[in-house]
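The numbering of the sequence shown is my numbering, which starts it at 880 and goes up by one.
These are computed hints drawn from the structure, not numbers from a lab. The structure presented is a predicted model; accordingly, all values stated were derived computationally and were not measured. One thing to keep in mind: the hints can contain errors.
Taking lysine-lysine and the DSSO-like style, the derived pairs with C-alpha atoms no more than 30 angstroms apart in a straight line are [said to hold, decoys possible]: (1) K985 with K944; (2) K955 with K985; (3) K944 with K955.
Per label pair, the in silico range of CB-to-CB distance [claimed, not checked]: (4) D1011 with T959: 32 to 42 angstroms; (5) D941 with P990: 37 to 47 angstroms; (6) R943 with A992: 19 to 29 angstroms; (7) P986 with D1011: 25 to 35 angstroms; (8) V969 with A1006: 17 to 27 angstroms; (9) Q1010 with P986: 28 to 38 angstroms; (10) T983 with A1006: 29 to 39 angstroms; (11) K955 with T1017: 12 to 22 angstroms; (12) D1003 with T945: 35 to 45 angstroms; (13) Q1010 with A963: 17 to 27 angstroms; (14) D993 with T1017: 31 to 41 angstroms; (15) T1017 with G989: 26 to 36 angstroms.
Every residue, glycine too, gets a C-beta built ideally from N, C-alpha and C.
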Amino acid sequence: MALIQNVLGTRPHARPPEPELPDDHQHGSPESPGAEISPQPEAEGSAEETGAPSPDQPESYDRRKTADELAGIILKALQTLDGAPAHGFVVTVYGGNPWNAMLTIKPEAGPIADPGLWRERVRDMAARLRQDFDLAET
């Protein structure tokens, strides 16, 4: 479910993070008008460069998924959206690396108000998933 929420770019019931304030702000000292908090420098080598999994991914995280697995992820994400038909949507993942996905709307889906919107959603989901997953050779 977290993967679907990540694909959709939403996190239900999640509060926005509260900004961390330095200790001197807790004592009521006014902040100067032009002051900025500088970001912490990143440690040398990101998780991707060092090969270590990122904190939000389990250690057994595998970047490779089959076309059927990726199509299933996208289809499941589509079915969570309002207005999605219970039947009649077929997601096809094709290509190499980079891979792509397309939506076929079958007659079983019934009348769809804006088919272009649904196809655009599939393209957007594929673009997000391409950042996390490579297509495994079958």
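Taking the hints in turn, this is what the structure says about them:
| no. | hint | result |
| --- | --- | --- |
| 1 | K985 with K944 | 25 angstroms, holds |
| 2 | K955 with K985 | 17 angstroms, holds |
| 3 | K944 with K955 | 15 angstroms, holds |
| 4 | D1011 with T959: 32 to 42 angstroms | 18 angstroms, violated |
| 5 | D941 with P990: 37 to 47 angstroms | 39 angstroms, holds |
| 6 | R943 with A992: 19 to 29 angstroms | 36 angstroms, violated |
| 7 | P986 with D1011: 25 to 35 angstroms | 33 angstroms, holds |
| 8 | V969 with A1006: 17 to 27 angstroms | 19 angstroms, holds |
| 9 | Q1010 with P986: 28 to 38 angstroms | 34 angstroms, holds |
| 10 | T983 with A1006: 29 to 39 angstroms | 19 angstroms, violated |
| 11 | K955 with T1017: 12 to 22 angstroms | 20 angstroms, holds |
| 12 | D1003 with T945: 35 to 45 angstroms | 21 angstroms, violated |
| 13 | Q1010 with A963: 17 to 27 angstroms | 23 angstroms, holds |
| 14 | D993 with T1017: 31 to 41 angstroms | 33 angstroms, holds |
| 15 | T1017 with G989: 26 to 36 angstroms | 32 angstroms, holds |
Going down the numbered hints, you'll see the structure goes against 4, 6, 10, 12, while the others check out.
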